[in-house]
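Could you put together the complete structure from these sequences and hints?
Numbering (my numbering) for the sequence shown: 1373 to 1518.
Each statement offered as a hint is correct.
Below, computed lysine to aspartate or glutamate pairings styled on EDC-like, alpha-carbon distance capped at 20 Å:
no., residue 1, residue 2
1, Lys1406, Glu1441
2, Lys1481, Glu1513
3, Lys1457, Asp1437
4, Lys1457, Glu1445
5, Lys1457, Asp1438
6, Lys1481, Asp1491
7, Lys1481, Asp1433
Label-pair distances were calculated between CB atoms; the ranges are:
no., residue 1, residue 2, range
8, Ala1510, Val1453, 27 to 35 Å
9, Arg1500, Ser1478, 16 to 24 Å
10, Arg1497, Leu1414, 16 to 24 Å
11, Glu1484, Ala1510, 13 to 21 Å
Hints are computed from structural coordinates only; laboratory data are not their basis.
Being a predicted model, the structure only gives us computed values, none of them experimental.
Just so it is clear, CB atoms sit at the ideal spot from N, CA and C, and this is done for glycine as well.
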Amino acid sequence: MPENPLRAGTRLERIPPPCILVIFGATGDLAQRKILPAIYNLRRAGLLPPESAILGFARRDLSDDDYRELAREAIVAHSRVPLEKGIWSDFADSIHYQQGQFGDRSDFKVLEERLEQVDAARGTRGNRLFYLATPPSAYTEIVGNL
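This is the structure:
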């Protein structure tokens, strides 16, 4: 089926403004199999602004570099397109991690500070998107602490 000629030239107009995507449950199966590969694919296709960032939040004690390696392995294993070194290098710089418990309000204060740091560094203008890659039983706790 041919492309719709009315959509020609509109792709750039549909790219959203930059934001920080906060993934709760960032080390879990859903994040590794679906979310991280999908975000990489959007970045690779030019549909995600380069200023955008990912901030993973989960219980595991990981550094940013540890989480970047986890993300790289997930993308290699589950992306529908191969990992490109140049794109990966830029994309990896946008990946951050914060250890915390969903029910601990003090961890959410630390998360807020981390979001402000990432926002200042990447210029996301306070735009945030929260993805709950957790069991539904955790939703109330997470949303209540946000």
